[in-house]
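Asks: Each chain is listed here by its residues.
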Amino acid sequence: MRLNEVGIFLFFVSCALVNNFIFSRFLGNCPYLGVSNKLSTATGMGIAVTFVMGLSSLFAYIVYTYVLVPLDLKYLDTISFILIIAALVQFVEMFMRKSLPALYSALGIYLPLITTNCAVLGVTLVNMKEGYNLIESVLSGVFGALGFLLAIVLMAGIRERLELSDIPESFKGFPICLIIAGMMSLAFFGFQGLVK
Amino acid sequence: MNITAILYAVGLLGGMGILAGMLLTFADSKFSVPVDEREARVREAVSGANCGVCGYPGCDAFAAAVVRGEAPITGCIPGGARTIEALSEIMGLNAEGKEPMTARVLCLGNNDTVKPRYEYTGYKSCRLASQLSGSPKKCYVACLGQGDCVRACKFDAIRIVNGLAVIDEKKCTACEQCVLVCPHNVIKMQPLSATVLVRCRNTQPARGSREACLAACIACKRCEKACQYDAIHVQNNCAIIDVAKCTRCGDCVAVCPSKCIIMT
Numbered sequence: 001m002r003l004n005e006v007g008i009f010l011f012f013v014s015c016a017l018v019n020n021f022i023f024s025r026f027l028g029n030c031p032y033l034g035v036s037n038k039l040s041t042a043t044g045m046g047i048a049v050t051f052v053m054g055l056s057s058l059f060a061y062i063v064y065t066y067v068l069v070p071l072d073l074k075y076l077d078t079i080s081f082i083l084i085i086a087a088l089v090q091f092v093e094m095f096m097r098k099s100l101p102a103l104y105s106a107l108g109i110y111l112p113l114i115t116t117n118c119a120v121l122g123v124t125l126v127n128m129k130e131g132y133n134l135i136e137s138v139l140s141g142v143f144g145a146l147g148f149l150l151a152i153v154l155m156a157g158i159r160e161r162l163e164l165s166d167i168p169e170s171f172k173g174f175p176i177c178l179i180i181a182g183m184m185s186l187a188f189f190g191f192q193g194l195v196k
Numbered sequence: 001m002n003i004t005a006i007l008y009a010v011g012l013l014g015g016m017g018i019l020a021g022m023l024l025t026f027a028d029s030k031f032s033v034p035v036d037e038r039e040a041r042v043r044e045a046v047s048g049a050n051c052g053v054c055g056y057p058g059c060d061a062f063a064a065a066v067v068r069g070e071a072p073i074t075g076c077i078p079g080g081a082r083t084i085e086a087l088s089e090i091m092g093l094n095a096e097g098k099e100p101m102t103a104r105v106l107c108l109g110n111n112d113t114v115k116p117r118y119e120y121t122g123y124k125s126c127r128l129a130s131q132l133s134g135s136p137k138k139c140y141v142a143c144l145g146q147g148d149c150v151r152a153c154k155f156d157a158i159r160i161v162n163g164l165a166v167i168d169e170k171k172c173t174a175c176e177q178c179v180l181v182c183p184h185n186v187i188k189m190q191p192l193s194a195t196v197l198v199r200c201r202n203t204q205p206a207r208g209s210r211e212a213c214l215a216a217c218i219a220c221k222r223c224e225k226a227c228q229y230d231a232i233h234v235q236n237n238c239a240i241i242d243v244a245k246c247t248r249c250g251d252c253v254a255v256c257p258s259k260c261i262i263m264t
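Same order as they appear, the protein sequences are chains E and F.
Positions 1 to 196 (my numbering) are the ones given, in order, by the first sequence.
Positions 1 to 264 (my numbering) are the ones given, in order, by the second sequence.
Simulated from the structure, these hints should not be mistaken for laboratory data.
For every residue, glycine included, the Cβ atom is placed at its ideal position computed from N, Cα and C.
There's no promise every hint is true.
Only part of the chain E face toward chain F is listed, based on derived beta-carbon distances under 8 Å [claimed, not checked]:
| no. | residue |
| --- | --- |
| 1 | Leu71 |
| 2 | Leu83 |
| 3 | Phe95 |
In silico PhoX-like links for lysine-lysine, alpha-carbon gap of 20 Å or less [to be verified]:
| no. | chain 1 | residue 1 | chain 2 | residue 2 |
| --- | --- | --- | --- | --- |
| 4 | F | Lys124 | E | Lys172 |
| 5 | F | Lys154 | F | Lys188 |
| 6 | F | Lys115 | F | Lys138 |
| 7 | F | Lys30 | E | Lys98 |
| 8 | F | Lys170 | F | Lys188 |
| 9 | F | Lys115 | F | Lys259 |
Label pairs and their calculated CB-CB ranges [stated by the list, open to error]:
| no. | chain 1 | residue 1 | chain 2 | residue 2 | range |
| --- | --- | --- | --- | --- | --- |
| 10 | F | Asp36 | E | Ala187 | 46 to 56 Å |
| 11 | F | Leu192 | E | Ala187 | 51 to 61 Å |
| 12 | E | Met1 | F | Arg127 | 51 to 61 Å |
| 13 | F | Val243 | E | Gly182 | 54 to 64 Å |
| 14 | F | Ser88 | E | Ser170 | 45 to 55 Å |
| 15 | E | Ile179 | F | Gly58 | 26 to 36 Å |
| 16 | E | Gly131 | F | Ala40 | 42 to 52 Å |
| 17 | E | Leu194 | F | Pro72 | 53 to 63 Å |
| 18 | F | Ala40 | E | Glu169 | 34 to 44 Å |
| 19 | E | Pro101 | F | Ala40 | 11 to 21 Å |
| 20 | E | Gly173 | F | Thr4 | 50 to 60 Å |
| 21 | E | Asp166 | F | Ser88 | 49 to 59 Å |
Given these sequences and hints, build the entire structure.
Replies: Written out as structure tokens, the structure is:
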């Protein structure tokens, strides 16, 4: 699906809701289940992911288009994207620590966590597979991450309510989380067919 | 086989790796934020149990607070004297000598001594048991023996032996977690040097406490008379030792009729 065919709104709906990273592509489940205990940490994680996914989409596109394609080394995309993302996150962390201490303390502990988040790697690979151009890549990264933010915030809200609910002993803790993740995935399944 | 393709691939990945490495090295020197190296050393010296008894969320936060001068260097209780010594050296501060503490169970009411009020067969929880008609044991301050303290102890220092919690003082780090969970307040923090103890807190008059437990203090005041140092007194029908005056001579231990004064 191309941006100029459907417009930015439908592009957003496609990236964030229809092809949601958590519920439709099943990527990034580790932070989704691991950091969704509290609403505040979930929001922090979601924003950090948004930031990193946008940036890595940009750099992955540049490397892919201007280095890998001319050298006919497209098959090296996965390993080079891992390298780019890891280096980029480290660099951004150092830069933020020096220049934007406020942002650093807000995102601080989440940034290293998402260095090898599969959703971050996934978005770059999906971008290349779909043949997106620069703007589409970055938008797909940011919108996809907003979908992730939505998913993790919804999950955190539900889990905070779960703390106070009467759950059968055998479902307490992680099992009920997995069940809820499955139900949310089913609910998001309703978006399928809205746009491609 | 296309040898140039292989060379390209190796060169590209190697080059990207080296480039990223150089970039990060450059960034590290360019954007380095001076971090107090004492923080890492403080973090090394504290116990590392992340128990939270210092009042900070985890050992990292405590180390940062010590370096900032907000937390006292005596804050890490599980670390004991060794940690305080190390921290005082790192921070260049004098530690006011803090006596090593330990948790002690002030009760001898095991299944043989204390009489049951009813048979408790419910969920294994002291808190739950303490809510049911007083408690399963006749003594209203007895150790309930359901093991809340065992589960709270992160250092594996407590065992339930014959219905009574027993603390291994070698393993106890005085983190106070067991003190917090005990619904009968049976466990108290005490200086490690106070080895003579009245292991009973029952304040009923003699008959009532004897009916409840064979090992209860019956307030006979024999220990009070035996003590040459004016260190033990019966207050509210229960003997209490003044740690400052006690010389650990053991005279009171010998005369106690219900053997509730114990020398460890």
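Asks: Against chain F, is leucine 83 of chain E within 8 Å by beta-carbon distance?
Replies: For leucine 83 of chain E, the interface hint holds, since the closest Cβ of chain F sits about 5 Å away, which is under 8 Å.
Asks: Taking 20 Å as the top limit, are the C-alpha atoms of lysine 30 of chain F and lysine 98 of chain E close enough?
Replies: This hinted pair holds, its Cα atoms lying about 9 Å apart.
Asks: Are lysine 154 of chain F and lysine 188 of chain F close enough, with their CA atoms no more than 20 Å apart?
Replies: holds, 17 Å
Asks: Keeping to a limit of 20 Å between CA atoms, is the pair of lysine 115 of chain F and lysine 138 of chain F held or broken?
Replies: Holds. Lysine 115 of chain F to lysine 138 of chain F sits at ~6 Å (cutoff 20 Å).
Asks: Could you see if the CB distance from glycine 173 of chain E to threonine 4 of chain F stays within 50 to 60 Å?
Replies: holds, 56 Å
Asks: Can we keep the leucine 71 of chain E interface hint, with Cβ of chain F closer than 8 Å?
Replies: holds, 5 Å
Asks: Using the C-beta atoms of methionine 1 of chain E and arginine 127 of chain F, is the stated range 51 to 61 Å upheld?
Replies: At roughly 58 Å between Cβ atoms, arginine 127 of chain F and methionine 1 of chain E fall inside 51 to 61 Å, so the hint holds.
Asks: Verify the proposed pairing of lysine 115 of chain F with lysine 259 of chain F, using a straight-line Cα cut of 20 Å.
Replies: holds, 17 Å
Asks: May I ask you to test the hint 54 to 64 Å on the CB atoms belonging to valine 243 of chain F and glycine 182 of chain E?
Replies: Taking Cβ atoms as reference, valine 243 of chain F and glycine 182 of chain E lie about 59 Å apart, which means the hint holds.
Asks: Are the Cα atoms of lysine 170 of chain F and lysine 188 of chain F separated by 20 Å or less?
Replies: holds, 16 Å
Asks: Between the alpha carbons of lysine 124 of chain F and lysine 172 of chain E, is the straight-line distance 20 Å or under?
Replies: holds, 18 Å
Asks: Taking 34 to 44 Å as the stated bounds, is the beta-carbon spacing between alanine 40 of chain F and glutamate 169 of chain E within them?
Replies: Holds: the Cβ-Cβ distance is about 43 Å, inside 34 to 44 Å.
When each numbered hint is compared with the structure, no violation occurs for any of them.
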